[in-house]
Amino acid sequence: MKYAFFVGCLIPARELSYEVSVRKVLPALGIELVDMKDANCCAPFSIQSVDHASWMALAARNLCIAEEMGLDVLTLCNDCYESLLMVNTLLKNNKALKNKVNEILADVGKEFKGKSDVKHLIDVLYDDVGMKTIKNAITEPFTELKVGTQPGCHLTKPKRIHFEVLRGFRALDELIAATGAETIPYERKEMCCGGPLRDINDELARQVAREKLISLKNAEVQGIVTVCPFCYLQLDTGQLEVKRHFNEEYNLPVLHFIELLKMAMGMKLEDWEVKSHRIPLGDIVKGRIQEE
Amino acid sequence: MKLSELDLGLMSEVANTPRGKGILLCIQCGRCTSSCPVARITKEHNPRRLMEMIILGFRSEVIPHQLPWYCLSCFTCLDRCPQGGDVGEVMFAIRNLAVKEGNVPAGVLAQAKSLMETGRVINPIRSALDKRESLGLGEIALGGLDEVQSILKKTKLDKVISPKETVKRK
Amino acid sequence: MEEETRIGVFICHCGINIGGVVNVREVVKYAKTLPNVVYAEDNIYTCSEAGLTSIKEAIKEHNLNKVVVASCTPRTHEPLFRSACREAGLNHYLFEMANIREQCSWVHSHELTRATQKAKDIVRMAAARATLLQPQEEPELDIKDVALVIGAGVAGMTAALTLADQGFEVYLVEKEAQVGGNLLRLDKLYPTMQDTSEILEPMVKAVKANKNIELMTSTTISDVKGYVGNFKVTIAKKDEKSELEVGTIIVACGAMNYMPPEGLYQYRVFDRVITQLEMDELLREGKLEKPERVVMIQCVGARKGEIRAVDLAGFPKSDTARLLAKILRAKKEEGWPYCSKICCMNAIKNAISIKARYPETDIIILYGDVRVYKEYEDFYSQAREHEVKFIKHIEEVTPEISKSLEGKLEVSAFDALSGREMKIPCDWVVLSTPLIPHREEVLLARMLKIPISPDGFLMEAHLKLRPVDTQMDGIFLAGAASGPKDVPESIISAKAAAARAGILMANKKMRTEALTSVVDEDLCIGCGLCEEICPYGAHRVEESKSKTIEALCRGCGVCAAECPRRAITMRHFTDDQVLAQIKGALVPEMEEV
Amino acid sequence: MEENKVLIIGGGVAGIQASLDLASRGFKVYLVEKSPSIGGRMAQLDKTFPTLDCSMCILAPKMIDCSHHPNVQLLTYSEVKEVKGSAGNFTVKILRKPRFVDESKCTGCAICAQHCPVEVPNEFDANLGMRKAIYMPFPQSVPRAMTVDKEKCLECGLCAKMCEAKAVDLKQQPQEVELNVGAIVVATGFDIFDPTEIPSYGYGRYKNVVTALELERLLCASGPTGGHLIRPSDGKIPRKIAFIQCVGSRDRRFGNTYCSSICCKYSVKDAVLIKEHEPNSQVSIFYIDLRAFGRGFQEFVNRAKSEYGIRFIRSSPGEIMEDPATRNLTIWYEDTIAGTVENLVFDLVVLCPALIPRTDAKELAKVLGIKTDEYGFFRASDIVINPVDTTVLGIFACGYCLGPKTGDIPDSIMQGSATAARAAEILRGR
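Chains as they are written, first to last, in the working numbering: chain F, 1 to 292; chain H, 1 to 170; chain D, 1 to 593; chain C, 1 to 430.
If you are wondering where the hints come from, they were derived from the structure by calculation, not from laboratory data.
A virtual CB, placed ideally from N, CA and C, is assigned to each residue, including glycine.
A couple of the hints might just be wrong.
List time: in silico DSS-like cross-link candidates among lysine-lysine, alpha-carbon distance up to 27 Å [stated by the list, open to error]:
hint, chain 1, residue 1, chain 2, residue 2
1, H, 156, F, 98
2, F, 24, H, 131
3, F, 2, F, 132
4, F, 189, H, 100
5, F, 135, F, 115
6, H, 21, F, 95
7, F, 37, H, 131
8, H, 153, F, 95
9, C, 207, F, 159
10, D, 56, C, 62
11, C, 34, C, 236
12, D, 175, D, 232
13, C, 62, C, 84
14, H, 153, F, 37
15, F, 100, H, 21
16, F, 98, H, 131
17, F, 115, H, 154
18, D, 355, D, 304
19, H, 131, F, 275
20, F, 100, H, 43
21, F, 92, F, 37
22, D, 508, C, 62
23, F, 95, H, 156
24, H, 154, F, 98
25, F, 286, F, 275
26, C, 105, C, 171
27, C, 105, D, 60
28, H, 43, F, 98
29, F, 189, C, 62
Pairwise CB distance ranges (calculated) [as the list claims (entries may be wrong)]:
hint, chain 1, residue 1, chain 2, residue 2, range
30, D, 107, C, 154, 32 to 42 Å
31, F, 266, H, 117, 23 to 33 Å
32, H, 106, D, 403, 46 to 56 Å
33, D, 513, C, 276, 47 to 57 Å
Modelling step: build the complete structure from the supplied sequences, incorporating the hints.
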């Protein structure tokens with residue numbers, strides 16, 4: 001199976017371990033990733049808030065590239081996913097809007113046709129790779145690891161652009177179960193991480209993150225698993241900020257799901273990857289680190 | 001509040017902005033606010049009340065303020081609104097209006113500028129680029145920058161983010 | 001020589017309802033020992049087909065001439081057992097029912113032996129009365145198949161047409177010179193937004209064209225005599241009076257729009273403060289020039305306060321007057337206590353009409369609750385899509401209306417949902433006021449002997465189950481006479497009233513209960529007390545002797561109780577029957593001694 | 001002569017009223033009811049607003065009248081399968097499902113049920129109570145006859161052995177009856193919106209979140225708890241109870257954009273009943289617009305506030321959270337007047353779901369050839385002047401199957417009578 005690989009802005013800039021792990025794990029599961037060479041920013045929340053037309057056009061341009069490649073788009077980030085999926089859905093269902101956008105794209109010789117689909121890493125693992133293949137690929141499952149998941153908002157919301165409510169939640173839980181780890185439900189699981197408020201109102205962003213962390217702490221999890229680089233940033237780096245401002249200890253290590261899967265498949269984390277986590281991973285990665 | 005300060009047209013202005021139609025559906029039931037993570041933290045942010053103030057036309061109390069920017073666009077309200085009232089969507093409409101009047105947070109402005117210059121809202125620092133190289137992850141320089149820039153020229157993003165008469169943000 | 005009394009007693013287990021508490025078999029055994037009881041049995045369910053058959057068989061087999069069933073409440077089951085007796089050739093007034101469920105097993109479920117004891121007492125009392133029961137014939141009345149419909153609004157006309165189309169003759173009486181009632185003043189109808197004329201004109205044509213309908217305008221009702229099937233109604237056109245003989249009467253006298261007193265919300269002080277109905281008229285006549293803004297205020301004189309003394313002045317002796325005297329002492333803000341229920345839709349209707357004419361006009365509706373029930377919710381959404389603005393104002397902070405410097409009206413209100421006070425300049429202030437009962441209605445009610453509900457509307461026989469019947473046989477209610485209704489609701493109630501009246505007239509005859517008062521003319525001194533106190537007007541003193549009009553008598557027994565000469569007895573509830581029952585209750589329990 | 005015959009589909013209060021009026025008017029009436037007994041929704045209610053009459057007590061006499069009226073023939077446990085012809089002359093095929101009990105022999109003594117080994121949830125009690133595989137839905141059922149639920153029956157034959165009347169016949173076959181009638185009245189009523197469609201309210205996941213109909217059964221003296229209000233999770237008496245309005249109604253997401261138009265009223269009624277059951281309980285009602293329209297209701301609401309101290313909160317809550325330990329429920333809501341987000345803990349939460357078309361309404365519409373409206377209720381030929389005529393002449397409708405335009409019981413009764421008038425006009429008019 002082949003995908004147009006949309007890596008986005010944040011991951012290559014700040015979360016290389018996420019990108020590296022994906023590039024390692026997916027081929028191992030029979031997924032071929034083809035880089036979207038000239039792709040631009042997905043046009044996330046911030047840009048949508050500034051100007052509607054710019055958002056539409058930029059997202060559409062990315063979709064056109066995928067169409068030219070004749071492939072569906074694979075995203076690693078909930079924000080990219082939401083932006084591309086929303087625009088793809090809107091343009092596919094609204095001729096007038098499509099024409100407007102294509103008018104803008106005409107200058108750069110592109111045209112949105114609506115031939116590609118947009119998928120999140122989790123969709124691809126759950127639907128295309130399939131639980132069976134994944135279960136078979138697990139060689140060193142985790143034992144007695146209790147984690148709380150942060151599926152993030154745009155993996156499942158808004159309902160209207162996802163065929164099934166909370167499907168992403170279920171998918172993620174099953175995938176984690178496959179790695180041998182156990183997902184613990186917690187009250188604020190559906191709640192946003194607060195990420196979008198970073199740089200707008202850090203104070204508020206921290207308070208939202210804090211509510212989530214408290215709820216996770218109460219559920220007595222050993223770590224947090226994310227599927228979105230913004231959630232990751234907010235709960236990992238953010239956790240330190242919360243600690244500093246409210247001086248409360250949480251010590252909840254945060255992992256990208258793909259890292260969890262990678263380790264369960266018997267691949268080791270490299271030292272730099274482990275170090276890239278601001279909250280020490282501790283016992284979770286015991287015996288799963290590459291010796292130099 | 002006097003009529004002069006009440007902006008009769010605000011509701012239809014929002015309703016006729018892309019993503020703003022939902023304002024006409026609102027029945028002020030309050031499901032959005034009680035579902036909103038931010039509203040639970042600060043009384044300042046109240047999506048339902050924001051809708052009400054737009055309906056009534058309290059322009060000067062909405063557009064130049066932080067309020068519309070407090071929305072996380074987590075879309076919880078979208079899924080819970082019985083009217084399909086799209087509160088979370090209307091927020092984008094309001095922010096679009098706010099930006100046109102110069103109400104745009106520094107962080108967002110920076111991202112928009114970066115987008116115009118590099119085609120990305122976030123760019124890797126030197127060390128990250130070196131790391132990529134050492135890992136053989138390959139280039140991420142944006143080939144299509146010129147395309148991006150001509151698109152943004154056409155959508156006049158530069159004008160949007162630097163309007164002539166800039167309203168002071170309270 | 002009187003034949004011997006042979007009573008059969010049937011005692012019901014009602015599954016476990018009675019049998020689970022009362023020792024039914026023991027009660028049967030006991031019943032057999034009672035005087036005149038020649039047969040007794042128990043049934044799992046006496047009301048089941050099986051139970052009823054065994055009653056019929058026992059009547060024949062043991063040639064019973066009195067039957068007692070001890071089971072549940074007569075209210076639901078007496079008719080059933082009575083008809084069983086009839087079918088077995090026994091006059092059904094020779095049946096007596098003892099309630100050992102509601103009055104025994106259900107209330108004594110924890111004291112079994114005493115419950116059984118009480119069941120025996122109840123059965124004994126019933127048997128005692130049964131001994132004295134007499135066969136009775138129910139008077140049969142002829143029903144004249146001509147109807148009178150009072151009021152030619154949409155409800156009255158619909159009722160008249162519905163009856164006429166079934167082939168009945170109808171007198172349709174309207175006090176105004178023109179038919180159509182409130183619809184004459186309305187602009188459009190919600191939610192269809194069709195002109196009222198679209199409904200009204202064909203209806204009026206049909207009424208005038210129908211040979212079964214005799215329409216009489218500018219005519220009022222001045223007196224009603226008689227009873228179901230045989231009403232004698234005096235009508236007056238100017239000074240000339242005439243009499244109609246009808247079998248049934250449908251009251252469709254409608255309701256009127258409440259006019260705020262001068263000064264309330266500056267009504268009649270500023271000429272651009274008007275009622276919703278007046279706005280309807282402006283729109284209807286196309287006299288509304290383009291306003292910049294219109295503000296509508298809901299629930300003016302509704303959902304608050306109490307009924308005002310002036311509304312009662314006309315009829316100090318009326319039932320309402322007495323009912324309301326109490327309330328009035330606690331009089332709060334002027335107005336009517338109920339929700340008139342059509343005002344929200346009416347306001348929205350006019351708002352949409354104005355928007356349709358002048359899209360730029362800003363319309364604000366101040367409400368307490370938007371009561372757009374049923375599908376009218378969609379009508380409300382429609383208004384919002386037309387950009388009509390709805391403000392929930394805090395009613396405690398009543399909106400104030402003043403003239404601004406620019407000579408505009410200025411409404412100051414407090415928006416509960418944004419927590420802000422606003423001064424809203426506007427060209428028109430429109431007050432939504434409730435539908436209230438006509439004053440004539442109450443006088444009419446007195447003539448028809450229909451009770452009036454606390455809110456002043458005519459009262460139905462049962463709020464839930466008999467919404468168009470009245471407590472007077474042969475008199476029915478249609479339209480807003482029994483409370484605020486919009487056009488579709490009025491039409492439904494009118495058709496319903498027509499159906500109920502039609503049943504009586506189609507059958508041409510009806511039987512009434514034999515349980516009526518009987519006057520002993522030798523004892524009667526014609527004092528007229530009975531005539532005065534009878535709530536149904538069933539007594540009339542002629543040649544210094546009181547007469548009972550059986551068709552009107554409900555058998556309530558007030559007359560019998562009040563008669564100073566004990567000249568009045570109640571058929572089927574004679575003193576000695578009742579006394580026998582009481583004596584029965586007091587007999588010392590033999591078995592226990 | 002079929003001009004004199006009318007078919008009524010649905011034995012709820014509307015259908016009963018239509019039957020009685022037509023029968024007394026001299027028509028031969030066939031009353032077809034899908035379930036084993038007539039009575040419909042009204043039979044399930046505890047008390048009726050605002051007079052607080054016992055619902056069953058005022059309905060039962062009408063049910064009995066139906067069963068004994070010489071002009072009414074009851075066809076319970078039956079369904080209309082085919083309709084041909086036109087006004088004045090319809091031919092109708094009716095399927096009489098086998099009761100496996102001979103109606104004419106059964107005395108309804110229910111001894112068979114006492115011995116039946118199979119226990120299943122009783123639909124009539126909103127599945128809160130249990131019944132046997134051979135059962136009568138409720139004690140006042142009309143006809144007073146048992147029915148065997150063949151899906152659950154073990155065919156042990158114990159019931160047949162126990163029956164003195166020899167009424168049980170497990171071999172009974174379905175029957176098809178063909179009728180000729182001049183007019184048809186549809187009165188099939190409504191179904192109830194499934195609140196699991198709104199996950200954030202947790203119905204189905206949280207034991208102590210119930211629907212209003214379930215509450216009616218919990219309050220009813222003849223209900224599964226004998227009229228004791230106890231909460232499902234632990235049988236404790238709830239002290240703090242909340243009602244939530246507009247669950248699935250006034251809701252575009254599910255296409256029920258209308259207002260069900262009875263929920264505000266029955267909620268206030270139930271709240272008052274609860275206070276009378278348990279005077280020291282606290283009842284809150286969450287509403288968007290309090291729709292106590294029409295005579296008597298505003299006054300009723302005022303009494304509920306002043307006399308019974310019932311709390312009215314203008315807010316539609318966003319979500320309900322359950323405490324796994326106590327099974328208590330936290331309601332998150334915005335006090336829309338104060339503009340603040342609040343949360344309150346309750347022992348029991350009552351959802352007031354939308355009233356929606358019968359699941360088989362579309363099917364029946366096809367059989368009858370009548371049209372349905374945008375919500376799936378039966379369409380009136382003209383909502384203003386012909387409110388009880390369907391789109392086919394000679395076929396009329398009354399009660400909630402016409403949609404919320406009906407509203408409550410008196411409306412259903414008026415419509416029932418109105419259909420009688422219309423049938424008479426069509427069949428007797430000169």
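* Taking 27 Å as the top limit, are the C-alpha atoms of residue 189(F) and residue 100(H) close enough? -> Not OK: residue 189(F) and residue 100(H) at ~36 Å, beyond 27 Å, violated.
* To do: Below or equal to 27 Å on CA atoms is what counts here, so check residue 95(F) against residue 156(H).
  => holds, 23 Å
* Pair hint residue 100(F) and residue 21(H), alpha-carbon separation not exceeding 27 Å -> Distance ~19 Å between residue 100(F) and residue 21(H) Cα, so the pair holds.
* Asked: Are the Cα atoms of residue 154(H) and residue 98(F) separated by 27 Å or less?
  -> holds, 16 Å
* Take a quick look at whether residue 207(C) and residue 159(F) sit within 27 Å of each other, Cα to Cα. => Holds, at roughly 26 Å.
* Asked: Is it true that residue 266(F) and residue 117(H) lie within 23 to 33 Å of each other by Cβ?
  -> violated, 43 Å
* To do: Could you tell me whether the CB distance from residue 106(H) to residue 403(D) stays inside 46 to 56 Å?
  => Since residue 106(H) and residue 403(D) have Cβ atoms about 48 Å apart, the given range 46 to 56 Å holds.
* Holds or violated: residue 131(H) to residue 275(F), with C-alpha atoms at most 27 Å apart -> holds, 13 Å
* Would you check the hint for residue 105(C) and residue 60(D), treating anything up to 27 Å between C-alpha atoms as holding? => holds, 22 Å
* **Pairwise beta carbon distance, residue 513(D) to residue 276(C), judged against the given window 47 to 57 Å** => violated, 35 Å
* Take the C-alpha atoms of residue 153(H) and residue 37(F), compute the straight-line distance between them, and say whether it is at most 27 Å. => holds, 22 Å
* To do: Verify the proposed pairing of residue 43(H) with residue 98(F), using a straight-line Cα cut of 27 Å.
  => violated, 40 Å
Checked against the numbered hints above, the structure breaks hints 4, 5, 11, 13, 16, 18, 20, 28, 29, 31, 33 and satisfies the rest.
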